[in-house]
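Engineer: What follows is each chain in one-letter form.
Protein chains: 4
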Amino acid sequence: MNGTVRFGVSINEDLLKKFDGVIAKKGYTNRSEAVRDLIREHLVEVEWERGDRETVGVITIVYDHDLRELTTRLTDLQHQHHPTIISTMHIHLDEHNCLEVLVARDKARKIKEVADKMIATRGVKYGRLTMATSGTDLL
Amino acid sequence: MNGTVRFGVSINEDLLKKFDGVIAKKGYTNRSEAVRDLIREHLVEVEWERGDRETVGVITIVYDHDLRELTTRLTDLQHQHHPTIISTMHIHLDEHNCLEVLVARDKARKIKEVADKMIATRGVKYGRLTMATSGTDLL
Amino acid sequence: MNGTVRFGVSINEDLLKKFDGVIAKKGYTNRSEAVRDLIREHLVEVEWERGDRETVGVITIVYDHDLRELTTRLTDLQHQHHPTIISTMHIHLDEHNCLEVLVARDKARKIKEVADKMIATRGVKYGRLTMATSGTDLL
Amino acid sequence: MNGTVRFGVSINEDLLKKFDGVIAKKGYTNRSEAVRDLIREHLVEVEWERGDRETVGVITIVYDHDLRELTTRLTDLQHQHHPTIISTMHIHLDEHNCLEVLVARDKARKIKEVADKMIATRGVKYGRLTMATSGTDLL
Numbered sequence: 003m004n005g006t007v008r009f010g011v012s013i014n015e016d017l018l019k020k021f022d023g024v025i026a027k028k029g030y031t032n033r034s035e036a037v038r039d040l041i042r043e044h045l046v047e048v049e050w051e052r053g054d055r056e057t058v059g060v061i062t063i064v065y066d067h068d069l070r071e072l073t074t075r076l077t078d079l080q081h082q083h084h085p086t087i088i089s090t091m092h093i094h095l096d097e098h099n100c101l102e103v104l105v106a107r108d109k110a111r112k113i114k115e116v117a118d119k120m121i122a123t124r125g126v127k128y129g130r131l132t133m134a135t136s137g138t139d140l141l
Numbered sequence: 003m004n005g006t007v008r009f010g011v012s013i014n015e016d017l018l019k020k021f022d023g024v025i026a027k028k029g030y031t032n033r034s035e036a037v038r039d040l041i042r043e044h045l046v047e048v049e050w051e052r053g054d055r056e057t058v059g060v061i062t063i064v065y066d067h068d069l070r071e072l073t074t075r076l077t078d079l080q081h082q083h084h085p086t087i088i089s090t091m092h093i094h095l096d097e098h099n100c101l102e103v104l105v106a107r108d109k110a111r112k113i114k115e116v117a118d119k120m121i122a123t124r125g126v127k128y129g130r131l132t133m134a135t136s137g138t139d140l141l
Numbered sequence: 003m004n005g006t007v008r009f010g011v012s013i014n015e016d017l018l019k020k021f022d023g024v025i026a027k028k029g030y031t032n033r034s035e036a037v038r039d040l041i042r043e044h045l046v047e048v049e050w051e052r053g054d055r056e057t058v059g060v061i062t063i064v065y066d067h068d069l070r071e072l073t074t075r076l077t078d079l080q081h082q083h084h085p086t087i088i089s090t091m092h093i094h095l096d097e098h099n100c101l102e103v104l105v106a107r108d109k110a111r112k113i114k115e116v117a118d119k120m121i122a123t124r125g126v127k128y129g130r131l132t133m134a135t136s137g138t139d140l141l
Numbered sequence: 003m004n005g006t007v008r009f010g011v012s013i014n015e016d017l018l019k020k021f022d023g024v025i026a027k028k029g030y031t032n033r034s035e036a037v038r039d040l041i042r043e044h045l046v047e048v049e050w051e052r053g054d055r056e057t058v059g060v061i062t063i064v065y066d067h068d069l070r071e072l073t074t075r076l077t078d079l080q081h082q083h084h085p086t087i088i089s090t091m092h093i094h095l096d097e098h099n100c101l102e103v104l105v106a107r108d109k110a111r112k113i114k115e116v117a118d119k120m121i122a123t124r125g126v127k128y129g130r131l132t133m134a135t136s137g138t139d140l141l
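Residue numbers (this note's numbering), protein chains in the order written: chain F, 3 to 141; chain R, 3 to 141; chain H, 3 to 141; chain B, 3 to 141.
Honestly, the hints are just simulated from the structure, not real lab data.
Heads up, some of the hints might be wrong.
For identical chains, the list gives no copy identity; a pair is met inside one copy or between any two copies.
[To be verified] No more than 20 Å apart at the CA atoms, straight line, and that leaves these computed lysine to any residue pairs for SDA-like: (1) Lys119 to Leu45; (2) Lys114 to Ser89; (3) Lys114 to Thr31; (4) Lys27 to Arg124; (5) Lys109 to Glu56; (6) Lys28 to Gln82; (7) Lys27 to Glu43; (8) Lys112 to His81; (9) Lys20 to Arg8; (10) Lys20 to Glu56; (11) Lys119 to Thr132; (12) Lys114 to Thr90; (13) Lys114 to Asp54; (14) Lys20 to Thr138; (15) Lys27 to Lys109; (16) Lys28 to Glu43; (17) Lys27 to Glu115; (18) Lys119 to Glu102; (19) Lys114 to Asp78; (20) Lys114 to Met133; (21) Lys109 to Ser136.
Please build the complete structure, drawing on both the sequences and the hints.
Structural biologist: Structure, rendered in structure tokens:
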């Protein structure tokens with residue numbers, strides 16, 4: 003890991019004012035931080051497009067836990083993909099609905115595959131894969 | 003909650019074959035389930051566009067836990083928005099990086115506001131808000 | 003091209019009511035049409051993920067036409083990628099800004115490459131690739 | 003319109019190297035241009051989220067021109083929303099399919115409404131709204 007460097011961006015004054023206004027509303031107190039965030043976001047997108055690098059994804063599913071069989075099937079799926087799914091959080095939303103958040107760590111392509119299978123499981127009402135990152139490349 | 007009904011969809015035969023091929027690859031064993039998933043996804047998108055209904059969101063952030071101050075600031079933010087953030091999972095990705103997954107339950111607009119603040123916090127390398135659902139409206 | 007078939011979807015009554023409400027607002031007068039649209043959208047997404055099939059994309063760029071050199075460079079780029087870019091529309095937004103919409107027909111991967119180059123050209127203020135379709139597979 | 007200013011971004015050296023690698027592949031020859039593009043993209047997203055500012059959108063639809071009635075209905079829709087739709091390009095993709103690209107200029111909310119109506123029209127196989135910009139605010 004190397005040190006911090008500084009680079010200059012030439013930009014139209016009015017455009018910069020607009021950007022400052024928008025990031026202030028989003029809670030940024032520091033312009034460098036906002037630019038770094040745009041850069042990191044862009045790098046994560048590119049990482050997921052390639053598909054062959056190890057990365058981290060978050061799978062969010064909402065389902066009805068009354069369906070006993072479903073819980074078993076989802077647990078089986080997690081075990082079958084054991085090294086991919088590293089951690090799970092389960093939240094009871096109401097008597098019937100639960101939200102499960104699963105953190106997966108593997109190649110992008112592999113994480114997509116597990117997510118597809120979970121989301122396609124009958125009884126899963128809603129599912130989304132959030133493409134995150136291991137952070138190691140995002141200094 | 004009402005019972006299950008059945009409706010018919012008229013569709014070109016070849017288009018249906020293509021759809022069946024794609025959903026089979028994604029692991030669906032049942033065409034109704036695939037169509038219901040497309041419908042639910044569409045409803046969740048519309049819910050978030052409106053902004054004023056109670057819903058559930060998942061905030062994913064990646065940060066360096068060596069920055070002591072950052073951990074404190076993020077914890078403070080969570081407490082300030084106590085009724086919004088309902089649960090948190092923390093994963094140590096390596097010596098430096100952690101992934102934190104926060105489940106928020108509130109109006110869409112409110113969840114977006116908390117997510118913006120977290121993601122804008124200096125030291126947070128990556129942040130994403132996943133628009134999920136409480137499931138109550140998604141039977 | 004084959005004929006029209008009909009398939010049934012079993013769904014919770016309340017979920018269907020919600021879907022009907024949402025699509026009515028969007029101007030659909032026919033539920034089958036709304037479901038077919040969700041199916042086609044899904045197929046187009048999958049087509050673009052693969053990257054190796056011929057498809058159609060729309061590149062939208064906004065730039066300042068006062069930069070003579072830019073116009074020349076963009077025209078050159080179009081000619082270099084002649085079989086990819088099939089048609090162009092140019093709109094004068096104000097004294098300085100123009101919007102150019104370019105229709106490209108090639109493999110998804112190739113269209114992305116041309117779009118990247120155009121969007122990266124200095125002086126192009128804004129650029130977006132819209133992943134459309136040749137329609138041949140979407141009956 | 004004001005002049006050009008320059009601001010500094012402090013960033014980790016390795017992160018900057020990665021960003022430089024990615025943007026070089028996308029065809030950027032200038033790092034400032036790549037950062038400005040990320041900033042402009044972010045501003046356009048925020049503009050569309052608000053909905054009440056005049057902006058420019060591109061509506062892309064694919065449909066079968068054999069359906070005479072459809073062409074009439076789409077033309078009627080364009081006339082009804084005359085001040086919104088400012089220009090149209092029509093491309094014959096094959097014997098049956100055409101791609102129509104419509105440029106709309108109005109408040110974001112209004113453009114979304116027209117796009118919804120077009121996309122919902124029976125016979126339109128595929129439709130997408132691309133959120134662009136008038137460029138006036140993107141110096």
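Engineer: Work down the list of hints and note, for each, if the structure agrees.
Structural biologist: Against the structure, the hints come out as follows:
1. Lys119 to Leu45: So Lys119 and Leu45 pass the 20 Å test across copies only (17 Å; inside, 27 Å).
2. Lys114 to Ser89: within (16 Å within a copy, 25 Å between copies)
3. Lys114 to Thr31: This pair counts as between: shortest inter-copy Cα distance 18 Å, intra-copy 35 Å.
4. Lys27 to Arg124: This pair counts as between: shortest inter-copy Cα distance 15 Å, intra-copy 41 Å.
5. Lys109 to Glu56: Within one copy only: 4 Å inside a chain, 27 Å across chains, cut-off 20 Å.
6. Lys28 to Gln82: Cα proximity of Lys28 and Gln82: across copies only (16 Å, versus 41 Å in one copy).
7. Lys27 to Glu43: Both, since 19 Å and 17 Å are each at most 20 Å.
8. Lys112 to His81: Within one copy only: 15 Å inside a chain, 36 Å across chains, cut-off 20 Å.
9. Lys20 to Arg8: So Lys20 and Arg8 pass the 20 Å test across copies only (15 Å; inside, 22 Å).
10. Lys20 to Glu56: Only across copies: Lys20 and Glu56 sit 16 Å apart there, 37 Å inside one copy, limit 20 Å.
11. Lys119 to Thr132: both (15 Å within a copy, 19 Å between copies)
12. Lys114 to Thr90: within (17 Å within a copy, 23 Å between copies)
13. Lys114 to Asp54: Answer is both; intra-copy 11 Å and inter-copy 19 Å each pass.
14. Lys20 to Thr138: Between copies only: 12 Å across chains, 32 Å inside a chain, cut-off 20 Å.
15. Lys27 to Lys109: between (35 Å within a copy, 19 Å between copies)
16. Lys28 to Glu43: both (16 Å within a copy, 15 Å between copies)
17. Lys27 to Glu115: This pair counts as between: shortest inter-copy Cα distance 9 Å, intra-copy 37 Å.
18. Lys119 to Glu102: within (15 Å within a copy, 24 Å between copies)
19. Lys114 to Asp78: within (17 Å within a copy, 34 Å between copies)
20. Lys114 to Met133: both (9 Å within a copy, 18 Å between copies)
21. Lys109 to Ser136: Answer is within; shortest intra-copy Cα gap is 11 Å, inter-copy 30 Å.
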